[in-house]
Structure formats: C-alpha cells, structure tokens
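Colleague: Okay, here's what each chain looks like letter by letter:
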Amino acid sequence: MSTPPISLDRLTKAFGSRRAVEDVSLTVPEGKVFGFLGPNGAGKSTTIRCLLGLYRPTSGTARLLGRDPATGSAAFRREVGYLPGELHLPDRLNGADILARFGRIRGLRDTAYRDSLVDRFGADVTRPLGILSKGNKQKLGLVLAFMARPRLLVLDEPTSGLDPLLQDEFDTLLKETVADGRTVLLSSHDLNEVQRVADRVAIIRAGRVVVDDTIESLRARVPHTMEAAFDHDVDTSCLADVPGVTVTATAPRTVRLGWSGPVGPLLSAVAALGPEDVVARPVDLDELFHDYYRDSGGDAA
Amino acid sequence: MTLVLTRLDLRLRRRILVGTAVGAAAYLLVVVAAYPAFKDDTTLSEMLQSNSAAAAAFGINGSITSPAGWLNANMFANFGPLLALMLTIGYGANSIAGQAGDGLLGLTAAQPVTRAALLQQKTLALAVTALVVPVISFAVCLIGPQFDLTPDWTRLAAVTVSTALLAFDFGAVAMLVGALTGSKGAALGVASGLAAAAYLVSSLAPIIGVVHRLRWGSPFYWAVGDDQLTSGLTWADLLVLVVIAAILTAATLPSFRRLDIP
Chain A
7 MSTPPISLDR LTKAFGSRRA VEDVSLTVPE GKVFGFLGPN GAGKSTTIRC LLGLYRPTSG
67 TARLLGRDPA TGSAAFRREV GYLPGELHLP DRLNGADILA RFGRIRGLRD TAYRDSLVDR
127 FGADVTRPLG ILSKGNKQKL GLVLAFMARP RLLVLDEPTS GLDPLLQDEF DTLLKETVAD
187 GRTVLLSSHD LNEVQRVADR VAIIRAGRVV VDDTIESLRA RVPHTMEAAF DHDVDTSCLA
247 DVPGVTVTAT APRTVRLGWS GPVGPLLSAV AALGPEDVVA RPVDLDELFH DYYRDSGGDA
307 A
Chain B
25 MTLVLTRLDL RLRRRILVGT AVGAAAYLLV VVAAYPAFKD DTTLSEMLQS NSAAAAAFGI
85 NGSITSPAGW LNANMFANFG PLLALMLTIG YGANSIAGQA GDGLLGLTAA QPVTRAALLQ
145 QKTLALAVTA LVVPVISFAV CLIGPQFDLT PDWTRLAAVT VSTALLAFDF GAVAMLVGAL
205 TGSKGAALGV ASGLAAAAYL VSSLAPIIGV VHRLRWGSPF YWAVGDDQLT SGLTWADLLV
265 LVVIAAILTA ATLPSFRRLD IP
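Chains A and B supply the protein sequences, listed in that same order.
Under our numbering, the first sequence has 105 at position 99, and the numbering climbs by one with no breaks.
Under our numbering, the second sequence has 211 at position 187, and the numbering climbs by one with no breaks.
These aren't lab readings, by the way, just hints derived from the structure by calculation.
Using N, Cα and C, we set each Cβ at its ideal position, and we do this for glycine too.
Heads up, a few of these hints could be off.
Said to hold, decoys possible - Some residues of chain A that are not near chain B, with every Cβ distance over 12 Å (derived):
hint, residue
1, Ser79
2, Ala106
3, Thr132
To be verified - Restraint ranges, calculated between C-beta atoms of paired labels, are given here:
hint, chain 1, residue 1, chain 2, residue 2, range
4, B, Thr205, A, Asp219, 34 to 44 Å
5, B, Ala163, A, Arg133, 49 to 59 Å
6, B, Gly209, A, Asp29, 29 to 39 Å
7, A, Asp169, B, Val46, 35 to 45 Å
8, A, Gly22, B, Ile271, 21 to 31 Å
From just these sequences and the hints, can you work out the full model?
Modeller: And the structure:
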C-alpha cells in the first residue's frame, strides 16, 4: 500500500503550558477530500502548521507525503499546495505579480492551468492587493494553491469570503482534483461545506480529535427524527421500549422522537397508536456536529 | 528559483530604500556644495580641534575643514551610518519577525524552499539594503571636485565598504533577535538599543577615559570611529566587521529553523 499523503501520530503542540493540539492522530487517504472540522480555535490551523513544518511539534510526528516536513530537502513541497487560514499577501503588489513570483518559487513553467483558474474564479490580477476585498484576495489564494496541480492540497478555511456561486465553482474544482487522483485536506468550521465535498471527516474540539469517520457512516450514526400527531390522547411510553428509539418530546397528542437502525419496529409501534399524521425528517448531520461542538469552550487555539 | 525571495523582499522595501537613498543623496549634495564656504574657515576648525567634546558630539576628530574631515563631520561619521542602520535594522526586523507576524512568511516557508535557503536569500537582501546609503554617498562624493572637495578616493571607497558592513551587522542583530523571538518589536528594540550604545561608545571614546577602554566592543569604532576616512581602513577593522557579520548570520540559522511561523 502506498504511503498516505498525510499521517499524524499522537501530534501535540504546546505553547508554554497551553496545549493547542493534543495527541492528534490522523491518516488522510490518497485521492479523497478529507474534511477537517472544528469550531474556531479548536486547533485546526495549529495542526496544519505542524503538518507543513511551519510549527515544530512538541511531541508526536507529522508526515507529509511520507516526509518529515521540518527537516531536509524542500523539493517534495512542490507536490503540496497550501492556502493559509489567514491569507496575507503584500498590499502593494498586484495578483499577476504575486502569481508570477510564487510560480517561479515553485518552478512553474506551464501557466495555462493557472490562467484558466484565474478566469474561472474571476480573480482580479491587475489591481494592487491592498484595495481588493477579502473575497478577491481569497480567489488569488486559491489560484496560488491549485496552480501547480499539486498532489496534495492543504486548504485552511478556503471558502471564507467567497460568494455562493464561487463556492459552487470551488466544489467543482475539488471534485476535478480528486477525480485526478489528487488529495485534499479541507479545514472548515462549516459542516455543510464539508459534507458536500468530503469523503471522510475528522472533528477536532479543544485540540483533540473527537471523531474520525466517513460521512456515510456518520450519517448512519446520526438519529433520524420523527414527529407523530394524533386526534386523540395517547400514551406514548410504549415507544420508548422500541430498540434504538429515544423520545425527545411528548404531549398528549404529539410525540417527537429520534431513532437509529431499522425503522420497521418503530413504524409498527406508531401505527398501533393510530396516528393522524407522521413526519420523518432526513438525517441532519448538524445535530451531531453541534453535539460534538458543544462544551468546546474555545479553550484551544 | 533564482533569488526570487530576495527580489520579493527588496520589492516590498522599495519605497523606503529609494526614499532614503534620495534623501541621503540630496542632503549630501548640499553638504558637498557647501564645502567651498567652509574650507578656509580656520576658526571653525580651531574651535573643534580645541574642543574635543564638541568634536565628539559630531563623531569626528581631526580637522573639520579638510575634505575628509568635512565629509566625516557631516555624513560619514554620524548621519550616514545612522541612515544606513535605519534601513538595515528595519529590514532585519521585518524580514523574519515582521513577515511572520503579518502572515507572509507562513506562505513562503510552505513553498518548496528550505529554511536555510530562505535565510540565505534574506541575508542577501540585507546585504543589498546595507549598500544603499554608503554607495549613494560615495556616488554623490564623486561630484566633490566640482566644489574643491577631493577626498582620498581609496579611503572613501574603504569607508563605503566598512559602513555597509556596519549596517549589515546591526541588521543581522535585528534578524537574529527576530528569529529567536518571532517579535518584530523585540528585534527593532534590541538592535536599535545596541546601535545607540555602540555609537555613543565610539563617539565618546576620545574624551571619556572609561568609555575609551570600551571602544573595542563597538562596531562603529571599527567602521568609522577611528577616523578611517582620514587614516584609512585597516585589515583588522575589516576583519572584525566581517567576523561579526559571519557570527550573527551563522547564529540566526538554528534559531530560524526552530521558529514557529504562523
């Protein structure tokens, strides 16, 4: 089996006595979009900086394309595209100048793909960056990250500042990238963005990874919700005995419940009570996500 | 990737480099053009020669009305080095700590370039920055003969080199402190403080006994403080300035490798 593009093993980064990330272990498989989710300040950017060799881990290891990012040759970084969470480009230069300079650093010769990205995102490359909006700067950041068609893309909050149309364009670009066999680590605090494009997701909270799973199996894990209404008073206590069912709210003529697993036994039990109306809502990852987010307290950077 | 980061850094400092160069040139032009009015003023020369404290305040010794003395008193012993240091300390503090703070360094350090190569390119940009004021000053002096000002050109060239080295040394201090702490303020503060102390030691050495013994510790003494424009730069002067530069640059690499770049 080939080396995974990213692997972190018990990675810990402390600033003084404060641990920004602790014991983070992750493996990002090749050719996938890997969502890295967490509330602001959970440790996403710190993890990414350790991964890229910008921060030195306090303990544990980070491997980028099988290499220790902090030592030795930097040539393998040609295979890595990076978009920082807080993109700061020199105010006085324009986009064309920035793209040309970073292109030279990366040894980029064929600029056709870069130019096509500039067109797709409608990036303004003529005006100085100092007078561009955050969204316009972000477009340039995306072009910088993708322009050399790297094997691995590390994108920290890539769509912040982009309008919805460009977010769609970005989603399409991600799909093209993985279809090409390349890999994307997509950090975000927005679950909707991640569940649209990612195959797998890790959730980090207060510096620790609390979930690392595929979107599919997360969906299977999330309780579905159902609401049943009756034209007569009913005793719904029998529903709580059905395996996998949790009654979340009950009134004499309505019941709201969550369930996971097969729906058959639940339907039979509800049918026996003679409901007037039944509404089942699809899986909502948001609820799961918020459960993981709650109590995070913002105690990590 | 030929020197693209050196060129980027110099491009980002272009305004201050050009502005300072133009300012220094304009000032020195006036100094040079004013020489005919002062060159025969023996009272001024005698006053300064009889009052070593006043001379020390200008950072000079010897005659002020000789070509070398005039240039020393008005530019090469004081204002020139300070302008050169302003540029190099500013760049030194900005090149690592400043760029780390504003996020640009995080982006460049994530590119296919090692920290050693990154530092190499920044050191080269520092060297170019250090040359700006000394070289423009030398160039302006070339019109000196039009105004009866004919310094010893070899000595002037040597002082141009020693002033550039002096400026490089203090810029390298700022770079080192920036790499050690990641703080632009600390880099500026430490380098400026050391420069001010070193300047004082060198300029007060001729008149205060205690300070005189400390002059060896001041890079200013080795660059301009020993009246090099009149008596010439020695190999020892050059060696001290080069060794300081080499030590500071070498010490910066391990610190820079350890620096966490946000």
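Colleague: Hints numbered earlier in the text: which of these fail when held up against the supplied structure?
Modeller: 1, 2 and 5
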